[in-house]
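J.: Read off the chains here:
There are 2 protein chains.
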Amino acid sequence: MKIALDAMGGDFAPQAAVAGAVLAAQRLAGKAQVVLIGTEAEVRPLLQQYGPAAAALELVFSTQVIEMGEHPAKAFQQKQDSSIAVGYRMLHSGEIDAFCSAGNTGAMLVGAMFTVRPVAGVLRPAIANFVPKLAGGYGILVDAGANADCKPEMLEQFGELGSLYAQYVLGIARPKVGLMSLGEEEGKGSAVTQAAHQLFKVNPHVHFIGNIEGRDLFNDKADVIVCDGFVGNVMLKMAESMYDIMVQRNLNDEFFEKVNYETIGGSPILGINDNAIIGHGVSTPLAICNMLMQGYQMAHSGIVDQIKDSFKS
Amino acid sequence: MKIALDAMGGDFAPQAAVAGAVLAAQRLAGKAQVVLIGTEAEVRPLLQQYGPAAAALELVFSTQVIEMGEHPAKAFQQKQDSSIAVGYRMLHSGEIDAFCSAGNTGAMLVGAMFTVRPVAGVLRPAIANFVPKLAGGYGILVDAGANADCKPEMLEQFGELGSLYAQYVLGIARPKVGLMSLGEEEGKGSAVTQAAHQLFKVNPHVHFIGNIEGRDLFNDKADVIVCDGFVGNVMLKMAESMYDIMVQRNLNDEFFEKVNYETIGGSPILGINDNAIIGHGVSTPLAICNMLMQGYQMAHSGIVDQIKDSFKS
Numbered sequence: 001m002k003i004a005l006d007a008m009g010g011d012f013a014p015q016a017a018v019a020g021a022v023l024a025a026q027r028l029a030g031k032a033q034v035v036l037i038g039t040e041a042e043v044r045p046l047l048q049q050y051g052p053a054a055a056a057l058e059l060v061f062s063t064q065v066i067e068m069g070e071h072p073a074k075a076f077q078q079k080q081d082s083s084i085a086v087g088y089r090m091l092h093s094g095e096i097d098a099f100c101s102a103g104n105t106g107a108m109l110v111g112a113m114f115t116v117r118p119v120a121g122v123l124r125p126a127i128a129n130f131v132p133k134l135a136g137g138y139g140i141l142v143d144a145g146a147n148a149d150c151k152p153e154m155l156e157q158f159g160e161l162g163s164l165y166a167q168y169v170l171g172i173a174r175p176k177v178g179l180m181s182l183g184e185e186e187g188k189g190s191a192v193t194q195a196a197h198q199l200f201k202v203n204p205h206v207h208f209i210g211n212i213e214g215r216d217l218f219n220d221k222a223d224v225i226v227c228d229g230f231v232g233n234v235m236l237k238m239a240e241s242m243y244d245i246m247v248q249r250n251l252n253d254e255f256f257e258k259v260n261y262e263t264i265g266g267s268p269i270l271g272i273n274d275n276a277i278i279g280h281g282v283s284t285p286l287a288i289c290n291m292l293m294q295g296y297q298m299a300h301s302g303i304v305d306q307i308k309d310s311f312k313s
Numbered sequence: 001m002k003i004a005l006d007a008m009g010g011d012f013a014p015q016a017a018v019a020g021a022v023l024a025a026q027r028l029a030g031k032a033q034v035v036l037i038g039t040e041a042e043v044r045p046l047l048q049q050y051g052p053a054a055a056a057l058e059l060v061f062s063t064q065v066i067e068m069g070e071h072p073a074k075a076f077q078q079k080q081d082s083s084i085a086v087g088y089r090m091l092h093s094g095e096i097d098a099f100c101s102a103g104n105t106g107a108m109l110v111g112a113m114f115t116v117r118p119v120a121g122v123l124r125p126a127i128a129n130f131v132p133k134l135a136g137g138y139g140i141l142v143d144a145g146a147n148a149d150c151k152p153e154m155l156e157q158f159g160e161l162g163s164l165y166a167q168y169v170l171g172i173a174r175p176k177v178g179l180m181s182l183g184e185e186e187g188k189g190s191a192v193t194q195a196a197h198q199l200f201k202v203n204p205h206v207h208f209i210g211n212i213e214g215r216d217l218f219n220d221k222a223d224v225i226v227c228d229g230f231v232g233n234v235m236l237k238m239a240e241s242m243y244d245i246m247v248q249r250n251l252n253d254e255f256f257e258k259v260n261y262e263t264i265g266g267s268p269i270l271g272i273n274d275n276a277i278i279g280h281g282v283s284t285p286l287a288i289c290n291m292l293m294q295g296y297q298m299a300h301s302g303i304v305d306q307i308k309d310s311f312k313s
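Chains A and B, in that order, give the protein sequences. Sequential numbering from 1 applies to the first sequence in the UniProt record's numbering. Sequential numbering from 1 applies to the second sequence in the UniProt record's numbering.
There could be a bad hint or two in this list.
The list cannot tell twin chains apart, which means a pair is met if one copy fits it or any two copies do.
[Stated by the list, open to error] No more than 25 angstroms apart at the CA atoms, straight line, and that leaves these computed lysine-lysine pairs for DSS-like:
#	residue 1	residue 2
1	K258	K2
2	K237	K31
3	K221	K176
4	K79	K188
5	K188	K201
6	K176	K258
7	K188	K74
8	K237	K176
9	K74	K221
10	K312	K133
11	K258	K308
12	K201	K221
13	K221	K237
14	K176	K79
15	K201	K151
16	K74	K176
17	K133	K237
Don't read these hints as lab results, they were simulated from the structure. Model, not experiment: these values are computed from the prediction.
Work the whole structure out from these sequences, hints included.
T.: Following this line, the structure appears as structure tokens:
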């Protein structure tokens with residue numbers, strides 16, 4: 001099994017990416033091969049720092065880099081030899097089993113949509129994000145930001161995708177699916193969430209527990225939190241900022257430490273034909289390593305086949 | 001000046017309401033008269049506990065109560081002698097200058113819409129909520145939950161209403177208005193927020209600073225945070241739950257203490273012809289007292305006249 005990393009992605013690339021890949025290669029030794037995709041002139045000198053530990057990495061050299069600020073679709077099309085474009089081609093051809101990048105999020109989504117493509121039957125792929133639970137373990141929030149405007153049927157599918165992920169990757173037997181709204185009552189919500197609520201009620205594939213509220217993100221009510229990408233993005237950025245404020249104010253706590261993106265690693269793209277994970281721009285080596293571990297878990301679980309199976313009409 | 005309280009509203013009413021009213025009457029002595037509206041048989045015995053302090057309160061007796069779980073519109077119509085309906089009639093007739101209740105939120109909105117009515121030119125009144133800022137003071141978030149589905153023009157007006165409130169009640173000279181979105185760039189957002197962004201850009205009445213993100217709720221970027229009621233409600237409930245988790249985990253902090261609803265008091269309804277404030281269902285006496293103080297500040301500032309003036313076309 002091969003888990004690949006975009007060595008050029010992230011605010012601290014390639015240093016942080018290479019360091020994270022070396023860490024992950026140690027942890028995955030005997031289970032999976034870590035593949036590093038990047039510019040030879042930048043990656044090779046860095047690897048020398050790690051001596052024999054770096055020898056475990058497989059290297060693939062690309063010549064271009066999609067920068068963080070570039071227009072995603074344009075850059076992806078014009079830079080066919082960028083680390084992201086090369087990674088997606090290898091993923092699509094089956095040379096690698098998962099592709100991770102802390103680089104340009106938009107370009108990662110473009111590659112997901114146009115190189116790897118959505119699973120047949122999936123209306124719109126979504127980004128999933130892990131949410132630590134007070135009772136222990138993690139829940140999953142879908143969508144974390146890929147789709148700002150959603151139709152009720154999209155929200156329904158986010159619930160199905162999240163439920164499959166919770167089951168096959170997180171190992172939750174019968175994941176509770178909650179629909180984010182502004183009140184628990186069925187009649188509360190926007191026009192879209194109210195319609196989605198009705199779809200969920202008769203959906204035999206998910207264990208729908210009804211509406212949940214902003215206060216239920218971290219509690220035990222739902223394992224799968226369904227919302228549009230606008231709401232999901234706002235919530236996650238807000239949680240992250242509250243964690244940052246706590247750190248600044250010297251409030252140390254085991255639970256809130258799990259809200260830190262570093263512990264979580266990255267955000268898988270669900271509903272596409274292969275395993276792709278997007279990392280946080282400011283990813284440290286630890287975050288990169290955890291993202292690669294996630295990539296391994298996803299690939300190992302066979303989640304994509306489960307999704308394909310489930311969406312076969 | 002008369003500031004009235006629904007003695008029957010809130011999960012701990014009438015006890016907490018009466019206790020809060022007594023507190024507020026002491027603080028407002030010489031400035032404003034606190035009026036208590038409620039059921040005589042329930043309110044009178046409670047007042048005896050407070051001895052002479054209770055004598056400062058003006059009493060208005062109503063015979064009915066709208067319960068927390070009741071259907072707002074139906075209950076408001078059928079219970080014409082409920083404390084909420086009586087309060088709104090007194091507000092509309094000018095007998096009182098502000099009306100506060102920690103009772104049924106929906107019924108408070110019904111009274112606002114049908115007894116007091118929206119200011120001419122305002123498309124939809126909104127609920128405002130105060131947000132503590134890391135740099136000190138408070139910002140204001142509009143809408144906190146009255147309108148789940150918004151048109152771009154509504155968001156634009158929320159910015160105008162919030163800006164007037166920040167200016168005339170919070171005393172912020174040139175309030176910075178930020179539009180909540182999932183990215184800072186102009187092109188980021190939902191179809192509605194993208195259109196609202198364009199309206200704000202050419203609006204001469206507000207100091208628009210562009211898109212803000214979930215991470216900007218507590219920082220100094222914007223004094224007025226504009227979002228639809230769905231997003232606002234989710235954010236505020238999430239902030240509240242994170243505060244609750246911190247309390248449970250013995251994390252004490254001066255800044256996060258300000259996120260506590262108790263300190264804030266209540267949420268004014270903006271864009272109606274009088275001063276009405278909705279309190280949290282679980283309001284304690286301190287929260288009730290702070291809500292009444294807010295009611296006084298609103299009435300004293302003449303904010304409603306400012307809004308009427310500003311929306312006169």
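J.: Let me make sure I understand: some of the numbered hints might not hold for this structure. Which ones are they, in numerical order?
T.: Result: hints 1, 2, 9, 10, 11, 14 and 16 break, sorted rising.
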